[in-house]
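Chains as they are written, first to last, in my numbering: chain A, 1 to 265; chain B, 1 to 264; chain C, 1 to 366.
Treat the hints loosely; a few may be bogus.
What the hints assert, rightly or not - Sample of chain A residues at the chain B side, in silico, Cβ under 10 Å: (1) T83; (2) L109; (3) L138.
As the list claims (entries may be wrong) - Below, simulated PhoX-like cross-link-like pairs (lysine-lysine); rule was C-alpha separation at most 25 Å, straight line: (4) C:K2 with A:K99; (5) B:K182 with B:K234; (6) A:K230 with B:K182; (7) B:K182 with B:K157; (8) B:K234 with B:K157.
Claimed, not checked - Residues of chain A clear of chain B, computed beta-carbon distances all greater than 12 Å: (9) T45; (10) P48; (11) V75; (12) T100; (13) L112; (14) R117; (15) M129; (16) I135; (17) A137; (18) A142; (19) G237.
Hints were generated in silico from the structure; no laboratory data involved.
Idealized CB from N, CA, C, for every residue including glycine.
One-letter residues, chain by chain:
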Amino acid sequence: MTARTATWARPFAAVGRSAGGFFAAFGRFGTFFVEMLRSLRDVGTWVPLLVGQMRHLGVDSIPIALFLAAFTGIVLALQASYTFTGAVPLYFVGALVGKTMILELGPVLSGLALSGRVGANIAAELGTMRVSEQIDALETLAYNPVAYLVVPRVLAGILMFPVIVIFANAIGIVAGWITAINLLQMSTDDFIRGLRLFYEPFDITFSLIKATSFGLVVTAVGCFEGFATKGGAEGVGRSTTRAVVISSMLILVFDAFWAVVLLQP
Amino acid sequence: MIEMIDLHKSFGPKVVLNGLSLRVGEGDTVALVGFSGAGKSVALKHIVGLLQPDMGTVRVDGTDVPSLSRPDLYELRRRVGYVFQFAALFDSMTVAENLAMGLIKHGGFSKDEIEERIADSLERVELEGYEENFPAELSGGQRKRAGLARAIAFGPKYLLYDEPTSGLDPVTTTVIDRLILKMRDELGVTSLVITHDMDSAYCISDRIAMLYDGRVLQEGTPEEIRRSQHPVVKGFVEGRPELVEEGSGGMRIFANTPASRRRI
Amino acid sequence: MKLNNEAAVGIVVVAGIILTVVAAFWLSGRPWGEEPIEVAAVFREVGELRQGNPVKFRGVEVGRVAGIDLDAEGEGVVVAMQISPRVVPPADAAVLLAPASLFGDWQASIVSRSSYPELEFTTARQGQVLSGATLPDITQLTAVGARIAGNLETLAERVELAFTEETAIKIRETIENVQAMSEQLTGFVDQQTQTYRDVSQSVLVATDNITQTTERFDRVAGSVEAAFVEGGRIEQILANAERASQNLEELSQSIDDAVVGVPSLIAQADTTIGELGELSTSASRLFESLGPEIDQLGPTIVEAREAIAVVQRAAARIDNGEGTLGRLLEDPALFEETQAAIATLRRVLSDLQANPGRYIGEVRIF
Ligand SMILES: Nc1ncnc2c1ncn2[C@@H]1O[C@H](COP(=O)(O)OP(=O)(O)OP(=O)(O)O)[C@@H](O)[C@H]1O
Ligand SMILES: [Mg+2]
Numbered sequence: 001m002t003a004r005t006a007t008w009a010r011p012f013a014a015v016g017r018s019a020g021g022f023f024a025a026f027g028r029f030g031t032f033f034v035e036m037l038r039s040l041r042d043v044g045t046w047v048p049l050l051v052g053q054m055r056h057l058g059v060d061s062i063p064i065a066l067f068l069a070a071f072t073g074i075v076l077a078l079q080a081s082y083t084f085t086g087a088v089p090l091y092f093v094g095a096l097v098g099k100t101m102i103l104e105l106g107p108v109l110s111g112l113a114l115s116g117r118v119g120a121n122i123a124a125e126l127g128t129m130r131v132s133e134q135i136d137a138l139e140t141l142a143y144n145p146v147a148y149l150v151v152p153r154v155l156a157g158i159l160m161f162p163v164i165v166i167f168a169n170a171i172g173i174v175a176g177w178i179t180a181i182n183l184l185q186m187s188t189d190d191f192i193r194g195l196r197l198f199y200e201p202f203d204i205t206f207s208l209i210k211a212t213s214f215g216l217v218v219t220a221v222g223c224f225e226g227f228a229t230k231g232g233a234e235g236v237g238r239s240t241t242r243a244v245v246i247s248s249m250l251i252l253v254f255d256a257f258w259a260v261v262l263l264q265p
Numbered sequence: 001m002i003e004m005i006d007l008h009k010s011f012g013p014k015v016v017l018n019g020l021s022l023r024v025g026e027g028d029t030v031a032l033v034g035f036s037g038a039g040k041s042v043a044l045k046h047i048v049g050l051l052q053p054d055m056g057t058v059r060v061d062g063t064d065v066p067s068l069s070r071p072d073l074y075e076l077r078r079r080v081g082y083v084f085q086f087a088a089l090f091d092s093m094t095v096a097e098n099l100a101m102g103l104i105k106h107g108g109f110s111k112d113e114i115e116e117r118i119a120d121s122l123e124r125v126e127l128e129g130y131e132e133n134f135p136a137e138l139s140g141g142q143r144k145r146a147g148l149a150r151a152i153a154f155g156p157k158y159l160l161y162d163e164p165t166s167g168l169d170p171v172t173t174t175v176i177d178r179l180i181l182k183m184r185d186e187l188g189v190t191s192l193v194i195t196h197d198m199d200s201a202y203c204i205s206d207r208i209a210m211l212y213d214g215r216v217l218q219e220g221t222p223e224e225i226r227r228s229q230h231p232v233v234k235g236f237v238e239g240r241p242e243l244v245e246e247g248s249g250g251m252r253i254f255a256n257t258p259a260s261r262r263r264i
Numbered sequence: 001m002k003l004n005n006e007a008a009v010g011i012v013v014v015a016g017i018i019l020t021v022v023a024a025f026w027l028s029g030r031p032w033g034e035e036p037i038e039v040a041a042v043f044r045e046v047g048e049l050r051q052g053n054p055v056k057f058r059g060v061e062v063g064r065v066a067g068i069d070l071d072a073e074g075e076g077v078v079v080a081m082q083i084s085p086r087v088v089p090p091a092d093a094a095v096l097l098a099p100a101s102l103f104g105d106w107q108a109s110i111v112s113r114s115s116y117p118e119l120e121f122t123t124a125r126q127g128q129v130l131s132g133a134t135l136p137d138i139t140q141l142t143a144v145g146a147r148i149a150g151n152l153e154t155l156a157e158r159v160e161l162a163f164t165e166e167t168a169i170k171i172r173e174t175i176e177n178v179q180a181m182s183e184q185l186t187g188f189v190d191q192q193t194q195t196y197r198d199v200s201q202s203v204l205v206a207t208d209n210i211t212q213t214t215e216r217f218d219r220v221a222g223s224v225e226a227a228f229v230e231g232g233r234i235e236q237i238l239a240n241a242e243r244a245s246q247n248l249e250e251l252s253q254s255i256d257d258a259v260v261g262v263p264s265l266i267a268q269a270d271t272t273i274g275e276l277g278e279l280s281t282s283a284s285r286l287f288e289s290l291g292p293e294i295d296q297l298g299p300t301i302v303e304a305r306e307a308i309a310v311v312q313r314a315a316a317r318i319d320n321g322e323g324t325l326g327r328l329l330e331d332p333a334l335f336e337e338t339q340a341a342i343a344t345l346r347r348v349l350s351d352l353q354a355n356p357g358r359y360i361g362e363v364r365i366f
């Protein structure tokens with residue numbers, strides 16, 4: 001084998017390298033995930049920390065999620081009425097706001113916002129702990145760092161994201177409703193009628209399934225990137241960026257995945 | 001008893017440990033000295049399984065550390081206190097909470113006992129009254145001492161110190177040196193101390209080992225090391241680079257460099 | 001006061017769970033606190049009915065469609081409904097499926113079968129399965145309205161063509177009335193499109209107008225009869241005119257009914273269209289009898305005749321049962337043709353109003 005690559009082959013080598021890198025990252029993430037599942041057994045370590053993380057990652061994230069949802073609701077109502085001008089009765093605004101909020105925008109926008117707030121927070125915190133040897137210190141004190149740091153965060157994400165999304169859905173719809181009666185001269189009855197028109201019980205389940213998967217994605221990716229941090233402050237910055245970018249992309253991938261799996265007739 | 005047997009460790013192409021063997025007898029205090037970047041911290045991390053050797057092994061109390069299962073490894077770590085070179089305090093917790101971490105995990109301490117031990121450990125490192133401070137509110141030396149207090153708080157059988165006195169003033173250094181001696185004399189703790197400070201090394205250790213070029217260049221009592229005629233050891237002990245250069249065949253003093261060159 | 005973690009998390013989680021349950025319940029539109037009862041009905045087909053559509057009784061929403069499935073024999077569709085226990089169904093209860101608006105949302109109504117003698121209900125089955133009928137799509141109603149307007153214009157136009165100057169003035173009055181009515185009907189149709197909720201109100205107004213117009217039309221027909229006693233041709237025209245007013249009356253009657261039950265209006269609308277078809281057939285026969293001379297009146301008349309032919313074709317389709325207006329809408333070519341027909345008729349009408357002399361003069365020569 002020659003050590004040097006011919007000029008023409010370099011782009012191919014780059015492709016090969018990045019493909020290899022992709023699968024290597026995939027494998028590392030898989031290992032990390034399995035380690036996480038195994039650490040679930042270490043109940044005594046993560047249980048006391050769970051509530052704190054639920055507060056920190058969940059309850060404290062509600063304001064940003066609600067802020068986003070409220071404005072989304074307003075815009076949805078106005079855009080719906082703009083689109084429906086004349087041809088479609090106004091009460092369809094209710095149907096559009098409700099369906100869009102519950103099925104798509106509530107979970108996805110909250111997920112994206114929280115990938116910034118929660119995912120970045122986790123990656124930065126764990127990354128700093130990694131580079132300042134705090135994770136090693138945990139190990140020497142006989143703690144399983146995955147059970148101590150990762151499991152409570154991931155569980156908090158899985159448990160709290162659906163709760164946040166439920167609130168976001170509700171606020172988005174209420175904002176849309178207020179917009180409809182104040183700016184669109186719709187009556188409350190009309191709005192509610194539209195809201196119920198195409199409602200199906202599965203809508204809420206679907207929303208919650210999505211939210212749960214986003215909670216898992218955002219927190220697990222944040223933890224993984226944090227744990228994999230190398231090399232000082234710069235490394236922490238890199239991990240944080242990667243955590244946000246990767247979890248945002250995965251949220252959209254999962255969004256499409258659930259739509260394909262669960263919404264197809 | 002801690003035994004490092006023919007340890008090899010590389011990071012990528014960089015060879016750090018190249019056949020290191022060192023034995024710390026029961027109740028002994030051994031000082032490990034060497035140039036900056038020689039691989040002292042790396043060697044120490046192998047003892048508690050933070051790093052896995054490429055070759056060779058580490059035995060603590062006769063058990064083979066690299067092949068321990070996770071639960072057994074945690075069991076071992078409960079008997080070992082580790083003082084990190086840069087303290088590695090949990091910066092989201094107060095000093096007292098940092099100390100409590102090990103005590104809680106160790107089990108068998110009541111709430112009062114935990115408080116008592118925290119106060120006692122902080123007193124030993126002269127850090128009374130800092131219980132409720134966060135690491136960010138401490139000076140570098142104070143942080144180092146808090147890290148030391150955390151390692152000794154739960155009463156481990158083995159103590160691994162990674163430069164416990166670097167960056168401390170002469171008086172505090174002496175206090176820490178005495179603490180290390182006391183741990184040995186009163187509690188029979190077995191210690192491995194990494195240090196750059198030869199005066200400390202002479203004062204606290206039963207034996208001194210010099211790590212050079214990925215292995216132990218010379219090991220002996222403090223007196224033997226002080227009188228060593230090996231140019232590198234002599235140069236190191238007396239702080240004379242020209243001797244080291246001569247002893248290493250004109251190569252640079254940074255010990256791992258020749259080994260690295262050989263590998264590539 | 002700052003909440004500790006447990007309390008904050010607890011409050012948020014409990015609030016989230018309560019919100020989920022309440023929202024799911026509220027959105028499903030089920031009444032609070034009462035256990036719904038199950039009712040089922042069998043249909044030949046269910047149109048656009050979907051699970052979750054409202055069930056109404058005397059116009060009040062009383063429940064939801066819970067399930068739709070083919071029956072065991074695969075010959076009908078069984079619709080299960082959950083309704084409030086407060087509903088006391090009539091002895092001959094049946095379920096009527098009909099569009100609730102122009103946009104594909106349907107509803108089921110629990111009705112008394114005897115109120116809809118003209119509808120064909122399925123036979124009820126054993127085990128509490130009611131009989132049912134499905135109405136054609138609501139979009140038909142609006143199209144019917146437009147067509148009626150067009151037909152009335154055509155009719156009026158032809159009547160005027162056949163008479164001399166004396167009566168022409170009176171007939172023009174009629175034309176104006178008819179046009180006014182056609183505009184009102186068109187307005188009615190537009191209103192339908194805007195909001196179906198106001199349908200009863202609009203129907204009332206439209207009904208009034210139609211009744212008035214019909215009365216006037218009757219009067220005109222009377223005076224026309226007085227003015228022209230001789231000539232079998234005239235008699236034929238008058239018969240047509242009377243027939244038209246009769247149709248109008250029937251239509252207004254059925255719109256009256258619509259206030260009670262909109263679905264029956266739709267059922268009647270199809271019948272009316274059928275009758276209008278007959279009407280236009282006789283109108284076109286009249287054109288034929290007027291002889292080839294009438295074609296010399298110019299291209300406008302030819303266009304008008306073509307338009308009548310289109311209306312006839314559409315009516316024929318409805319008679320055959322293949323062409324409900326819903327299908328008409330789905331057939332873009334036919335739809336456009338009809339639209340063009342109506343536009344042409346309007347044009348003829350306005351031309352007539354602008355230059356009455358042209359038409360009247362020609363007719364006098366004839
Ligand atoms: N995780 C790692 N990845 C790559 N290289 C490493 C890693 N840890 C240590 N090294 C390298 O190993 C060598 C030895 O490092 P180590 O920290 O053991 O030095 P040391 O003897 O403790 O030095 P000092 O006295 O300055 O603390 C250094 O050259 C360092 O670059
Ligand atoms: Mg070091």
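Here's how the hints hold up against the structure:
The restraint placing A:T83 at the interface with chain B is violated, with a minimum CB-CB distance near 49 Å, outside the 10 Å limit. Interface hint at A:L109: violated, since its Cβ lies 30 Å from the closest Cβ of chain B, which is beyond the 10 Å cut-off. At about 8 Å, the closest approach between the beta carbon of A:L138 and any beta carbon in chain B falls short of 10 Å, and the interface hint on this residue holds. The straight-line distance between the Cα atoms of C:K2 and A:K99 is roughly 36 Å, outside the 25 Å bound, and the hint therefore fails.
Of the supplied pair hints, the one linking B:K182 and B:K234 is violated, its CA atoms being roughly 29 Å apart against a limit of 25 Å. For the hint pairing A:K230 with B:K182, the CA-to-CA distance comes to about 38 Å; that exceeds 25 Å, so the pair is violated. Note on B:K182 and B:K157: the hinted pairing holds, with a Cα-Cα distance of about 13 Å set against a maximum of 25 Å. Between the alpha carbons of B:K234 and B:K157 the distance comes to roughly 33 Å, so the proposed pair goes past 25 Å and is violated.
With 12 Å as the threshold on Cβ separation, the claim that A:T45 sits away from chain B is violated: the shortest Cβ distance comes to roughly 9 Å. Listed as outside the interface, A:P48 is inconsistent with that label: its C-beta sits roughly 10 Å from the nearest C-beta of chain B, within the 12 Å cut-off. No beta-carbon of chain B is positioned within 12 Å of the beta-carbon of A:V75; the least distance is around 38 Å. With a closest Cβ-Cβ approach of about 40 Å to chain B, A:T100 is found to remain outside the 12 Å limit, as its non-interface label requires.
Residue placement check: A:L112 keeps its beta carbon more than 12 Å from all beta carbons of chain B (closest about 27 Å). Annotated as non-interface, A:R117 keeps its C-beta farther than 12 Å from every C-beta of chain B; the closest such distance is 18 Å. Separation of A:M129 from chain B is inadequate, the least Cβ-Cβ distance of about 8 Å not exceeding the 12 Å criterion. Not every CB of chain B is more than 12 Å from the CB of A:I135 (nearest about 9 Å), against its label as outside the interface.
A:A137, annotated as away from the interface, has a beta carbon of chain B within 12 Å; the closest lies near 4 Å. The Cβ of A:A142 does not lie farther than 12 Å from every Cβ of chain B; its closest approach is about 4 Å, which violates its non-interface assignment. Consistency note on A:G237: stated as away from chain B, and its beta-carbon is indeed over 12 Å from all of that chain's, at 18 Å minimum.
Against the hints set out earlier in the document, violations occur for numbers 1, 2, 4, 5, 6, 8, 9, 10, 15, 16, 17, 18.
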